[in-house]
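Colleague: Please arrange chain B on chain A, whose structure you already have, making use of the hints.
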Amino acid sequence: MPFWFLVPIAYGIYKILESGSSQVKIPTPKRKVVCLVGRTASGKSSTANALLGKKEFGTGIEHGTTTEAKSVDYIHGYKLTDTPGLLDTINYEQIVLNEIRQSEIVLYVTTGQLYQKELEFLEKICLGFSSSQKLILFVNRQDEKERSQTTSSRMVERQAIIKQVQKWIPESNVAFGAAAPIKGGINQTPSIESLQSTLFKLLQK
Amino acid sequence: MKNSELKDEMVKLQQELTKALNDVLKETESKLKTSEKEEIKKEIDELKELLKRLATGRIWIALFGKTNVGKSAIANSLIGDDLAEVSIVHDKTTKANPYSKDDLVQVSIEHDNTTEANPYSKTVYTREQTPWYIVDVPGIMGDKVLEDIAIQEAQRAHGHIFVIDEEPYEPEIKLFDLISKEMPNIPRIVFFNKQDRLLYMPKKDREIVQNRVYQIMRKYVKNDADIVYGSAQIYNSNIDEMVRQNLTVLEDRLYADTSTFGEVVNVYDPAKRAEKLSSNVKSKIFETRKKVARKIINAYGIGAIASSIVPFDSLIVAPGMFLLLVTTVIKIMGEKESEHFDGKKLAKDLLVNCGFFLFADFAASTIAEITLSFLGLNPFFTALTVAADYALLSYFKYKRTVIFGEALLLYIENGFSFGDNAKEMIIKAKREAEKHYSKLQSK
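Protein chains in written order, with my numbering: chain A, 1 to 205; chain B, 1 to 443.
Same shape as in the complex, but just chain B:
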């Protein structure tokens, strides 16, 4: 599936979910405890952020660092093509180049090194064959950057790379502090560019520099392996040219580190790279995908609360939101749509199995709902419907959705099959739901 198609799907999903989530918050605001409200709000915010970024269809990486540290060259290396014009003169990267079509490549155009107050500009590099959407935030030790804009780009990105080429100076540290304070939880990698320069130093000096770098930069990353050394370009004196280098070491860090960058990156793991990764990394990737899928399932669960009551037998005929959940999760888990399944049939199969094996949790609640709504028509029993615990109803709707979601995950994990014992899978789904969704644990 092309990234552009996935992007359109994500945009649609984002719109649907955003509406559902906002409806939920509106509906439940007066009926839930403050702590519950806060929890939902936080989940909503986090998910909205994730979806907003996923909706771009790519992984946003923001590069931060002083002028001439080599951000353009790094972008070229990651994209695997010489898109960016790398120039020695400070502030070559100054003008905003809007991201155009998927198939076209983004090139940085040289501009005059003017000192006029040019409103901030960034340069973006991307290419169809790679998942990257790289934003080059102009050098902070040059003329052009404003702190607010840097923060804005920092907030939009999935992850940051702090680029240095020597022990950082005070203005660089100030910027890194600012960005990491604004966004403490965003995945981050420190990349020391022009590593080849270190190799010319006496060993003692080299060690001093690496030590200093470690001491200063370690506070910005979650673990030591996120401080990476490399050279985006190396000078070849025989031909008197700069030669672009592959930054496999940086790329591997971006892909393989599931506890930081990989959280988001691995959702979009391009199929062609999957074979190159070790089985250990592959299983980590799978776990990460499940983590993201669970966020989606949780969101649908919350959305289910806001949605109207649908009798179980109607659900079988028109799965509605359950079908949406199926198609979304399938994508998150990295499966191509046409290959394994018919979405509608799968949704129905899952619903039938869930309803059959978990009657009390799945179908029964619907009957109760129907009964109560029926009673509600009778003014004598209005008090009864009001008293009918709204939260309890919500709980049932939510629970039904997340059990369904977990059953789907198990189904996928089992190679798109219920296996010999569908009942076992469904019951396990209920256990998994209780384990992974805190809302169920509180009841």
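Chain A with its partners taken away, still in its complex shape:
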């Protein structure tokens, strides 16, 4: 038997002994993938399209537009994966968790404060996270907030969101913007600078 074959086994045993816990996590290599996740119709596909600068993924106002995970090439050797939405009448959780397991960066897309089931989902994915995985939150549809909420309530909501996820996501990884803003019934250019700068910081690492 070739000697080198024993190296990963030895490494594994070393890791088990070092951790001293009964939980054995064989480190799965995380692919260079940014995976978009979130409840249905939160704007994941639109956000992916905005990041890519072209309409790769189908979008729609109705729930359940995206029904399967799909990956395309992004930048710096990364892929971008769009997933079906959570909290839909069809349960896509397993598919989504599968994609997350293989992704280095998880980009959670929401339109406002997260609902209880979403918080539970974040807790779940973070429990399963390896040290190399990262979580970003993108709060979409800020154009809508500007025309339907008072300035103070918008500020209050932003703080509330940051507080909601602080257990899993640092404030520096929370971005606000609008992937597919609308004004006067006409589509405008995406407003995702904050998201891009947050994302690029993590990619380069």
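Heads up, some of the hints might be wrong.
[Stated by the list, open to error] Straight-line alpha carbon distances no greater than 25 angstroms define the calculated DSS-like cross-link-like pairs of lysine-lysine that follow:
(1) B:Lys-204 <-> A:Lys-183
(2) A:Lys-124 <-> B:Lys-295
(3) A:Lys-79 <-> A:Lys-201
(4) B:Lys-295 <-> B:Lys-439
(5) B:Lys-181 <-> A:Lys-117
(6) B:Lys-222 <-> A:Lys-54
(7) A:Lys-55 <-> B:Lys-203
(8) B:Lys-203 <-> B:Lys-174
[To be verified] Incomplete in silico selection of chain A near chain B, CB under 8 angstroms:
(9) Thr-89
(10) Glu-144
(11) Ser-148
(12) Thr-151
No lab work stands behind these hints: they were computed from the structure.
All C-beta atoms, glycine included, are put in the ideal place defined by N, C-alpha and C.
Modeller: Chain B only, in chain A's frame:
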């Protein structure tokens, strides 16, 4: 009449009727067929429910919907005052605020957004000038609600409003399914809040959303008009404030739709709103009131079975339960007590007329009863009294009561008068009784 006075009357009535109805069931249980027993039991249950809710003196509306969908704002709009503190932060509506006095208004107090297991709490909004008693069941997509509590509130309410502000998510649909399965017959309206957001969308998208909403939510309502769109608040960018909107469209649905919500709402139609409603709606309201009044009359009829035999001439002197029936029905029909009549005199007048024109149905049964009870004293004839069809006696007592009730309704409808031909009215009352009370049809 103040709502609080009406409430006290209803509580009293509820107690009297509940006792009478329970006595009836006890008495008749062994003597009636199973199907008859079931029928009475069902009627009793339905009426007890109705009375329980009427006894609150208000119309209970339970609002269901996810966190931040705008239930507090809707409550404010319906009540016409900014009672509820509307907040953007999830789970502001968390603590139970007990309903205090009629004259005081209910305000939602802000509480910490704590994640401790706070036993369920609801917030109630109400105000003297409106008939509403609005229960805000905490958002299901937030931290705080338990399914059992939601069902409890659903059962107590006269009607439900399912509130959404976009195509509903799975947890919302789950809750709506649960509530509508538990209470399939309760009146229900779907209210799509924040409609102003739809107006900013391209027309195509707007239509997609409305279509989806219709497909998903139509199973919870009895007809399409019960899916209502509106905005409880609208943002005014000039003053950077949220402005409360009147929800006339929702209110009109609550009042005018007599086949659903209106069934109960219209019993309490505040006099001041009556003028604003069209004559078509007014006549529908009247029919609804009669429907409820008939439930009451039926209950009194059943109660009469359980009550002791009262000779007709004694009735004239002391109308007893008949007087109660008169005052109750008058209220249900929306008339104020002092205005048109003297309750006791009316009861007596009606009894006299009924007894005179429907001797066989009204007074004769009493003589038969008296005769039989007299015979009962003689042990030789004990067998005879036992054989005397108890059900037949009950039937007579019941029939007498409902004929009386129908005569009362006709009297009210005729502007509190017998008109030119009292005999005609009384005979019509008998026909109406036979038409509307299934117990009479079976004999």
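Colleague: Determine which of the earlier numbered hints do not hold for this structure and return their numbers in increasing order.
Modeller: 2, 6 and 8
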